[in-house]
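Based on the provided sequences and hints, a complete structural model is requested.
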Amino acid sequence: MSVDVQMPALSPTMEEGALIKWMVKEGDEVRSGDILAEIETDKATMEVEAVDEGIVGKILVAAGSQNVAVGTVILQLLEDGEGADVLKTPAKQVAAAANVTPEPAPAPNPAAPPVAPQPPAQELDIPAGTKMVEISVRDALRDAMAEEMRRDERVFIMGEEVAQYQGAYKVTRELLAEFGDKRVIDTPITEHGFAGIGVGAAMGGLRPIVEFMTWNFAMQAIDQIINSAAKTLYMSGGQMRCPIVFRGPNGAASRVGAQHSHDYSSWYANVPGLKVVAPYDAADAKGLLKAAIRDPNPIVFLEHEMMYGEVMDIPDIEDYIVPIGKALVRRVGTDVTITAHSRMVGRALEAASELEKEGISAEVIDLRTLRPLDSATIIASVKKTNRIVCAEEGWGQSGIGAEIAARVMEQAFDYLDAPPARVFQKDVPLPYAGNLEALSLPNARDVVAAVKEVCYVK
Amino acid sequence: MVKTSGKLKSSKAELLRLYKQMLLIRRFEEKAGQLYGMGFIAGFCHLYIGQEAVVVGIRGAMKDGDQMITSYRDHGHMLACDMEPRGVMAELTGRRDGYSRGKGGSMHMFSVEKNFYGGHGIVGAQVPIGAGLSLANKYLGNGAISIVFFGDGAANQGQVYETFNMAKLWSLPTLFVIENNQYAMGTSIKRASAQTELYKRGISFGIKGVQVDGMNVLAVQEAALKAAKHVRSGKGPLILEMMTYRYRGHSMSDPAKYRTREEVNEVREDHDPIDRVKNRLLDEKWAGLEDLKAIDKEIKAVVNDASDFAKASPEPDPSELYTDVLLEVET
Chain A
1401 MSVDVQMPAL
1411 SPTMEEGALI
1421 KWMVKEGDEV
1431 RSGDILAEIE
1441 TDKATMEVEA
1451 VDEGIVGKIL
1461 VAAGSQNVAV
1471 GTVILQLLED
1481 GEGADVLKTP
1491 AKQVAAAANV
1501 TPEPAPAPNP
1511 AAPPVAPQPP
1521 AQELDIPAGT
1531 KMVEISVRDA
1541 LRDAMAEEMR
1551 RDERVFIMGE
1561 EVAQYQGAYK
1571 VTRELLAEFG
1581 DKRVIDTPIT
1591 EHGFAGIGVG
1601 AAMGGLRPIV
1611 EFMTWNFAMQ
1621 AIDQIINSAA
1631 KTLYMSGGQM
1641 RCPIVFRGPN
1651 GAASRVGAQH
1661 SHDYSSWYAN
1671 VPGLKVVAPY
1681 DAADAKGLLK
1691 AAIRDPNPIV
1701 FLEHEMMYGE
1711 VMDIPDIEDY
1721 IVPIGKALVR
1731 RVGTDVTITA
1741 HSRMVGRALE
1751 AASELEKEGI
1761 SAEVIDLRTL
1771 RPLDSATIIA
1781 SVKKTNRIVC
1791 AEEGWGQSGI
1801 GAEIAARVME
1811 QAFDYLDAPP
1821 ARVFQKDVPL
1831 PYAGNLEALS
1841 LPNARDVVAA
1851 VKEVCYVK
Chain B
43 MVKTSGKLKS
53 SKAELLRLYK
63 QMLLIRRFEE
73 KAGQLYGMGF
83 IAGFCHLYIG
93 QEAVVVGIRG
103 AMKDGDQMIT
113 SYRDHGHMLA
123 CDMEPRGVMA
133 ELTGRRDGYS
143 RGKGGSMHMF
153 SVEKNFYGGH
163 GIVGAQVPIG
173 AGLSLANKYL
183 GNGAISIVFF
193 GDGAANQGQV
203 YETFNMAKLW
213 SLPTLFVIEN
223 NQYAMGTSIK
233 RASAQTELYK
243 RGISFGIKGV
253 QVDGMNVLAV
263 QEAALKAAKH
273 VRSGKGPLIL
283 EMMTYRYRGH
293 SMSDPAKYRT
303 REEVNEVRED
313 HDPIDRVKNR
323 LLDEKWAGLE
333 DLKAIDKEIK
343 AVVNDASDFA
353 KASPEPDPSE
363 LYTDVLLEVE
373 T
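Protein chains in written order, with the working numbering: chain A, 1401 to 1858; chain B, 43 to 373.
Derived by calculation from the structure, the hints in this document are not laboratory data.
Virtual Cβ for every residue (Gly too), placed ideally from N, Cα, C.
Please note that a few of the clues may not be correct.
[To be verified] For each label pair, taking beta carbons as the anchor points, the in silico distance ranges come out as:
hint	chain 1	residue 1	chain 2	residue 2	range
1	B	Tyr364	A	Glu1756	38 to 44 Å
2	B	Asp124	A	Ala1780	49 to 55 Å
3	A	Tyr1856	B	Tyr364	40 to 46 Å
[Stated by the list, open to error] Covered by chain A, according to a simulated footprint, are these stretches of chain B (three or more residues, beta-carbon under 8 Å):
hint	region
4	137-144
5	172-184
6	270-284
Here is the structure:
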C-alpha cells in the first residue's frame, strides 16, 4: 500500500500554505524523520518530515506552488517492493477536517472568506484621490512599528519570540534584521516580569512596545498594566510618565480552547489611566498603532489573530496616523445602529448586507477605541436611527455592549423606539469542540436576529 | 543580627553627615507617627524607624543620575534622596503641596528631579520596574545605575525571580537591596521562607549576593560602594541583603503581637544604628554632647516646620479630581 503524504496544518488557524521546496526527489528512499519538503504559511516556514519509510513514488504538488489547501496529498510514498504502477492519483483531495462532525446549527465557518470591507461611509481623513494599496493586517502592524522605530530611537519592542523567531504570529517579521537586538528584544516566558521591566523602561525615558503572545497570557502581567502603568501618573500628581504600548492578539482564534480565547476588551476599558484600542481593518491597525506608539500614555492595543492574514486596502500615505478616540461609521444607514469592534465589525457589515436585502438599512459603527469611547458618534447615530444593537465577541455581563447600552439610555432614552439589544459570546468558557465553539461565538446571523428584534420584524 | 566587628574607617565630616541624615529620618518618622495618631495622616503609613542605616549608607554610594526605587516603606528613601521634608509630609497629610499633590499618599510619592521613582504599593512590583529603569540606562548609555529596594516579604514574590533572570541575562546595571527586617507584615522570615539567607537568592541566576550588617551605616556604605562599582562597570546586577529591624509595627495599625517586647528592646538598646554612630562621634571626640544636642534641635526644627507646613497646606482643589489621569497628546 502506498502512503499519501498530505499538506499538514501547522497551526490552529492554518487553512493553506505554499510548498516552497522539495528536499527529496522521486525514487529517493526515505526514513521516518527525514525532511521531505519546506512549506510556508503566513506565519512561519516549516519542514515536513516523513512519518513512514518508503520510496518517494510521486510528487503531486510542484515546488513553488502557492495556496495549497491543508489536506491536499502532496506526495505518495511506496512501501518496500512496490512499484510506481500501484500509484493512483487520489480520487479526491481529502479535506483536513474530515473528522469534524457536521455542524448541527447554523454556524460561522472560520474558513469562510472575509467580507470585503465596505468603502468607509464616513470620510477617512485622507486627501481625495489617495491611492489605496493592499496589505495584510499583520504587515500593517509591522510597518507601523518599523516606521515608528525609524522615527524615534527610543522606541523598542520586547516580548516572547519577537526577534529571532520573527514573532509568534510573524507580526514582528524582519524587525530584528533592521533594528538589531538592542531594539528587538526576545524575553523569557515571564509576562509579569517583562511587563514590569517595560513599565520601568517607559518611566526611565524609553518608549517600549511590549508584545504579549496573546492577551490571555497578559493576565500574568495585569498587575503591572493596571497598578503600575495606568495609575502612576495620577498617583504622582502628574510627574511620572509611562508611554508604553502593550499589544498582541485578543479574543478567540480558532479551536484553541478557553484559556487561549478570552476577549479582554471590557477588562481594560474599565480602567482610567489607560487608552484601549481595538482596530478592525489594516488601515486602522497601522494608523492606530502609530498613534499609540506616539501617545504619551499607556495603551492597551487589542489585535485579532483571525484578522492578521486578512489583506485589505490601506491609503498609500507616508506617515498614516489614525487618531485614538474616534469611532468610524463604516456604513451609513437609517433604521438601526450596530456598534462593533475588532473582528466583529466584519460580522456587523456582513449582517448589514443581509439586512439590506430585507429592506432594513443598518448603520455600522466601528468603535476603534474602547477607552475613551466615542459616545458622541454613537449617540448621534442613535438619535437618527432610534435603535441600537451592540455587538462584541466577549461575554455580555459588564461588557462593552452593556456600557454602550447604558450610555444610550442615559443620553438618548427619548429617542429609542426599542430597548437596546446586545450580541455577545455565550456565557460559558469557550469550548474546544468545533460545533460548540461555533455555537458560543457571535456571528452575523446573531446580529441580524438582534436587529430584527429591535426593529420588531419577524 | 550580623555584626560588624571593629571600627570601619571614617572621618568626622562623613560620620556627622551620616548621623544627620539618619536622625532626620528618625525624627521625621516619629513625627509622622504622631500626626497619624492625631488623625492628620490617614490610610496606610509604614514607618522606617530602625532601618535608617540602610538607605543612608546606600545613598552614600550613589552618583548623580542613579535612580532609587522602593516599596511602600518609603519616607526614609525620599529624605535620603534629598526630597523636601515639607513636600513629603504634606503628601502624608493628603494636601496640595505634597509631592503627588495629595493624590498619592504615603506609599505613592515620586520625584523625577531627585531620581526617586517611588513609592510602590504592591509587594514586589517595584522590582521589575527598577530593572526597567536599568534597561533604559543601558539603552541610553547614560552610565547610571538603579538601586532597587525590597523587603524580605517581597523576596518571595515570583516577579522578583523573573526580574533576577532577565537582569542577569541582559547584564542590567541594577543593584538589588533586600531590606531584611525579619518580618513580612506579621510573619517572621522563618515562618515564610524555606531558605532564609536571602543574599543567596540570586545563586541560581548567577547573581552574587552579600549579607551586610544593616544596622551599621558604615558597613552598609562600604558594601554599597563596592557593589555599585561592580554594577556600574557593566558586570551585571548584584544583591545586597541588609540585616535590619523595624522597631514599629508593619503599619500604624499593627499591634505587633507576633514578637516580644524584649526582642524589640534588645535591638533598640544594643544595635541602634543612630546610637552606634553617636557613640563613635563621642568616642572619637568628633562631637561633644552639646554639639549633638544642637544637631538634634536643628533637625527637630526642620521636622516641625514640615509638620506645620503639612497641616497648613490646603487640600487639593476639587478640580484636581480629574487631572493627571491621561496626558494630552502633543500634535
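Quick rundown of the hints versus the structure:
no. : hint                               : verdict
1   : B:Tyr364 <-> A:Glu1756: 38 to 44 Å : 43 Å, holds
2   : B:Asp124 <-> A:Ala1780: 49 to 55 Å : 54 Å, holds
3   : A:Tyr1856 <-> B:Tyr364: 40 to 46 Å : 41 Å, holds
4   : 137-144                            : holds (count 5)
5   : 172-184                            : holds (count 10)
6   : 270-284                            : violated (count 0)
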